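Using the sequences and the accompanying hints, generate a full structural model.
Residue numbers (the numbering used here), protein chains in the order written: chain A, 1 to 259; chain Y, 1 to 259.
Keep in mind that the hints were calculated from the coordinates and are not lab data. Incorrect hints may have been included.
Identical copies carry no separate label here, and so any pair may be met within one copy or between two of them.
[To be verified] Simulated crosslink set (DSSO-like; lysine-lysine; CA at most 30 Å straight-line): (1) LYS111 <-> LYS131; (2) LYS224 <-> LYS187; (3) LYS57 <-> LYS43; (4) LYS187 <-> LYS111; (5) LYS187 <-> LYS57; (6) LYS131 <-> LYS2; (7) LYS32 <-> LYS131; (8) LYS4 <-> LYS131; (9) LYS32 <-> LYS224; (10) LYS252 <-> LYS50; (11) LYS43 <-> LYS224; (12) LYS250 <-> LYS32; (13) LYS50 <-> LYS32; (14) LYS50 <-> LYS234.
All figures in this text were calculated on a predicted structure; none of them were measured in a lab.
Protein chains: 2
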Amino acid sequence: MKQKLSIIKIGGNIIEDQESLSQFLNLFSRLKGHKVLVHGGGKRATDYGKRLGIETKMVDGRRITDAQSLDVAVMVYAGLVNKNIVARLQAYNCNAIGLSGADANTIIAIKRPVKNIDYGFVGDVEVVNTKSIAQLIRADLVPVFCALTHDGMGQLLNTNADTIASEVAIAMSQTFDTTLYYCFEKKGVLRSILDENSVIKSINQESYQKLKQQNIVADGMLPKLDNSFHALNKDVQRVCIGDITMLEPKAKLFTTITL
Amino acid sequence: MKQKLSIIKIGGNIIEDQESLSQFLNLFSRLKGHKVLVHGGGKRATDYGKRLGIETKMVDGRRITDAQSLDVAVMVYAGLVNKNIVARLQAYNCNAIGLSGADANTIIAIKRPVKNIDYGFVGDVEVVNTKSIAQLIRADLVPVFCALTHDGMGQLLNTNADTIASEVAIAMSQTFDTTLYYCFEKKGVLRSILDENSVIKSINQESYQKLKQQNIVADGMLPKLDNSFHALNKDVQRVCIGDITMLEPKAKLFTTITL
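See the structure below:
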């Protein structure tokens, strides 16, 4: 029987709020079994970019990562955010090890080809090195991934943290019984955006189609759910969406996604 | 018989010069056997500090690390410098993994007690977790340490890279036959500062005393040599001081320090 593995992705709002982050790290450290954390950089990369006089370039509403923006992302994601999370997890006796995709060659990506838009130093995941990640996990280390990958030729690349989480979950599900948790500021997928507690407890492919038709699920929730079904279709056991309390041992209020 | 381990510390001048760094990383990646790299941050932390409007505070010629300066050090050392080195080593097929002392709980330090001067977030190494580092090395990973440690209570600390190199070498020499290399811009300890090739090929404790009396060895060289003898007195097998070419298979021109 496969060992269990939990892969938890935390969003920017949790990282930015010191109280939420503390509460999350405490709950995460108590989570039983093998686990992996994936985080983005929150607003901090944009803030430091501004302070350094580096403008965030947008084309058609998409962020462009030029060389200077990449440097800021590397400093904030892999440096400031990652190392502080690791140090704080160590204080909770959680043997964390911070990683970019370049470390131990864990995630190889390809620089997004230029079609209509040149996204700059943005990477689409090509290979997740399951052997390398499993080796760390089996040494009872807790990998903490930031949203950076590399191309294997010396170039770091910016990669969406949700995507890193789902791609790592997909790859690891070959070896482990893997659950993917998307942890953000809401209690789950909501039936009404006005009611925080209107959490839809479970969504499958059929009900997802209906929710989309009824416009109950829209906007930012769509890529998260598409990512979830993509992961489930590639053998990830279970995907859960909710807030920090989802990691509590007796948590009930969150959304479970199944096929 | 103990396995061999090379611990190489590179100085700021190598990090700042792209050509030197490329040449170094190429030679380092070809080095046979187990190895560890230790690096500082060069001038880049100071430069980014300036760009962010954070002044470098000095007291009695010593740099003070306040909270803001620590953030910059964490961004530059653990982010920008460390991850770019790791990505470039991966391109040379060297399976590097970037670490601060917090990662895998590898280096625990104590915040320097306030006596006459409050150095701020500066850490003096207390424990090097040999088991944790050996586990990574035996998994054929190449640890790349930046000049950061942690206090085990969630606080990152700034620690001199030369000290990290010697403390890691001392700790690992319990398990490995360890050689410590201080790699900087000069070919070794020079007899005359005016003659680049006047390398003193070997120094022992006795000759060191004479060199000091004759004022041949002075200034910045003294802490490096004191660090070297400290390491040798604590069972490090060999200490070598020289430039990048010291890592070439047939290198001859560098300084070897012995007891």
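Evaluation of the provided hints:
1. LYS111 <-> LYS131: Within one copy only: 23 Å inside, 37 Å across.
2. LYS224 <-> LYS187: within (14 Å within a copy, 56 Å between copies)
3. LYS57 <-> LYS43: So LYS57 and LYS43 pass the 30 Å test inside a copy (15 Å) and across (28 Å) alike.
4. LYS187 <-> LYS111: neither (35 Å within a copy, 39 Å between copies)
5. LYS187 <-> LYS57: neither (32 Å within a copy, 45 Å between copies)
6. LYS131 <-> LYS2: Classified as both: same-chain Cα gap 15 Å, cross-chain 27 Å, threshold 30 Å.
7. LYS32 <-> LYS131: Cα proximity of LYS32 and LYS131: in one copy and across copies (22 Å, 23 Å).
8. LYS4 <-> LYS131: both (16 Å within a copy, 26 Å between copies)
9. LYS32 <-> LYS224: Only inside one copy: LYS32 and LYS224 sit 25 Å apart there, 46 Å across copies, limit 30 Å.
10. LYS252 <-> LYS50: Neither way: LYS252 and LYS50 sit 41 Å apart in one copy and 49 Å across, limit 30 Å.
11. LYS43 <-> LYS224: This pair counts as within: shortest intra-copy Cα distance 19 Å, inter-copy 41 Å.
12. LYS250 <-> LYS32: within (13 Å within a copy, 52 Å between copies)
13. LYS50 <-> LYS32: neither (40 Å within a copy, 44 Å between copies)
14. LYS50 <-> LYS234: For LYS50 and LYS234, the Cα distance exceeds 30 Å both inside one copy (39 Å) and across copies (48 Å).
Violated hints, in rising order: 4, 5, 10, 13, 14; the structure is consistent with all others.
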